[in-house]
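Undergrad: Protein chains in written order, with this note's numbering: chain X, 1 to 320; chain U, 1 to 356.
Incorrect hints may have been included.
[Unchecked claim] Have a look at the derived ranges for each label pair, beta carbon to beta carbon: (1) X/Arg178 to U/Glu51: 23 to 31 Å; (2) X/Lys200 to U/Glu275: 52 to 60 Å; (3) U/Glu12 to X/Gly107: 54 to 62 Å; (4) U/Ser341 to X/Ala282: 23 to 31 Å; (5) U/Thr268 to X/Lys47: 14 to 22 Å.
Derived from the structure by calculation, the hints contain no laboratory data. Fair warning: this is a prediction, and the values are worked out from it, not measured in the lab. Think of the CB as a built atom: it goes at the ideal place given N, C-alpha and C, for glycine as much as any other residue.
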Amino acid sequence: MAQVNMVQSLNQTLAEEMERDPNVVVLGEDVGKNGGVFRVTNGLYEKFGPERVMDTPLAEAGIVGTAIGMALYGLKPVAEIQFMGFIYSAIDQIFSHAARMRTRSRGRYRCPIVVRTPYGGGIKAIELHSESTEALFCHMPGVKVVVPSGPATAKGLLTSALREEDPVVFLEPTRLYRMIREEVPEGEYALPLAKARIVKEGKDVTIISWGSMLQRTVKAAEQYDAEIIDLMTLSPFDEETIFASVKKTGRVIIVHEAARTCGLGAEIAATIAEEAILYLRAPVMRVTGYDVVMPFPKLEDYYLPEETRMAKKIEEILRY
Amino acid sequence: MPEQVIESFEVERLRILNEKGEADSSLMPSFSPDEIKKMYGLLVLSRIFDERALSLQGEGRLGTYASFRGQEASQVGSALAFDPSDWIFPSYRESAVFISRGYPLDRLYQFWSGDERGMRVPDGLNILPISIPVSTHILHATGAAMAAKIKKEKTAAAAYFGDGATSKGDFHEGLNFAGVYNAPVVFICQNNQWAISLPRERQTASRTIAQKALAYGFAGIQVDGNDVFAVYKATKDALEKAKEGGGPTLIECYTYRMGHHTTADDSTRYRIAEEVESWKEKDPILRLARYMEKNGLLNEESKKSIAEEAGKKIDEAVSGAESMPPPDLEEMFTYTYHSLSHRERKEMREISDGPG
Ligand SMILES: Cc1ncc(C[n+]2csc(CCOP(=O)(O)OP(=O)(O)O)c2C)c(N)n1
Ligand SMILES: [Mg+2]
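Given only the sequences and the hints, what does the whole structure look like? Please build it.
TA: If you want it as structure tokens, here you go:
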């Protein structure tokens, strides 16, 4: 098995699925000749041609809206939105159409598009290039939200997303694109959606995280007997794995870089409160971004949860 | 009844100054020698600002930066046509518009170094912070122009955007509203032939961008964007028309992005060197310099001293930007709302206990 980074892993996964399934097409801004601004689609244009790898005009609603039409006609479109901060004009298409085509048509039509987009902070970028607004999409019934945390999960999850029956918003943590290299299984490799992964077993505290925060969480928890869960599919999320862990540890910390208010942490905490509160020995705690507009590079490091902030929270919860 | 032509259109292209530096006197606005020297000075200052930004970025002293090299005339020429009371809605590649309007140079560098305090527009300067989401701010210019009309004030608004921006719905909505409400707004498209890796021909199937205005019921004009006189004249005319109740105009500045899209881009992946090379001879500063030399407004000596003076201003701006103290952590919270929310106050206490 070869050591690859997340960009290479996503790239190979796309290429392999495109080989296997002639209906898979890629569309987005700069995804063709340029191979995507992060090079995730590098080489696909040369390999599969302009009909299957489309450099579109600059229009996010246009990209997702036409992807929906292609999906209705039987293709499997993979739409790239260049940064999550630019997805908002496409939300109309995702929420008003992709998410409800199945419901609206009483099952006659479905809309299995994949919308890929880099997301999250930590790359010292200009405004709107560090967004982490996954909770918006989790709130919308009919859309699945998936986030890998490294090259291997990227392959497994993207493969599954590409074979899904329903629309998937696939969020790629920009900070991780080239940060981690690891072995990625060769050939077909699919990780089921809606299943979380226990990264490390432990007894004292459960820490739930995803995306680029996972790697920091693992580091922060090194000194502790913590059980770490990589949620991977944010919606619908894997309650069973969470409950099982809560029953074991009695303490839960949720870590996400998105702002605290109405972040996905709130939903997870409420679910635990409803169904597993009697197993808790401490209040559910959160380490999150603050309730502010994501700041520019000069203050970004203070916004994003990092190891010291996480360790402090672990200490706090262990005092119960 | 036979088929009838019920509507037909023509699209004009304006050029006053050719590449040899010869001006068409029938079209030439009346500029004093000082006004022309001022234009030249701003073009040079903008060029040096841009070059310095690129070198600072290379040294890790600025963040990702969008160079406007090649587009100086499209920006300086148009910006100089505004009255101070007019409102400008820029995108990220218009540093020379900021410079021409007298925006503090150190603040621009501060902004590009990743410090948002640099976009605190000085009071009295009617320009908005740059819009990072492409095309979305075009509607704001239309709305501001509608407001000026409602308030019966003789001001106009203008939006700057690229060729890529014309593909988004916001562009079409902004133009349509402007046409319907006959708003005093000027849409200034910097058609630099590329939107990152997408060439202009692949952005739209129409022959020009200017003609898109026609569908919304007003005039569009293409100007030679490397001709500072033509850009100035087209903008001035459009502003006058707007303020006299004549409605909006779309100006397509036909120019070229000489550099990479940003410092994070590698344009050799998608465009050929010969194309870039062919635009060098059309350089906007070279062209104005040739004109001025022919007309006794510039010589080797004054050229040198203008460049030196601009260089000094840039040196001062860089050291000004770099000597600004880092932002306080509270800065992150201060501007979210008019006053801090209860929760923000709690979060602020948490953060001022030290990072972590
Ligand atoms: C809504 C939106 N989508 C995508 C981007 C990413 N992006 C930044 S600049 C750019 C190309 C813009 O091209 P153009 O409008 O021609 O302006 P130019 O960069 O050439 O000045 C893209 C796709 C963005 N900033 N905003
Ligand atoms: Mg452009």
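Undergrad: U/Glu12 and X/Gly107, beta-carbon distance inside 54 to 62 Å?
TA: holds (55 Å)
Undergrad: Could you tell me whether the CB distance from U/Ser341 to X/Ala282 stays inside 23 to 31 Å?
TA: Once the Cβ atoms are compared, 26 Å apart, the range 23 to 31 Å for X/Ala282 and U/Ser341 holds.
Undergrad: Regarding X/Arg178 and U/Glu51, is the given constraint of 23 to 31 Å on their beta-carbon distance met?
TA: holds (29 Å)
Undergrad: Okay, X/Lys200 versus U/Glu275 on CB: inside 52 to 60 Å?
TA: For X/Lys200 and U/Glu275 the Cβ distance comes to about 53 Å; the hint holds.
Undergrad: Against the range 14 to 22 Å, how does the distance between the Cβ atoms of U/Thr268 and X/Lys47 compare: consistent or not?
TA: Since U/Thr268 and X/Lys47 have Cβ atoms about 20 Å apart, the given range 14 to 22 Å holds.
The structure agrees with every numbered hint stated previously.
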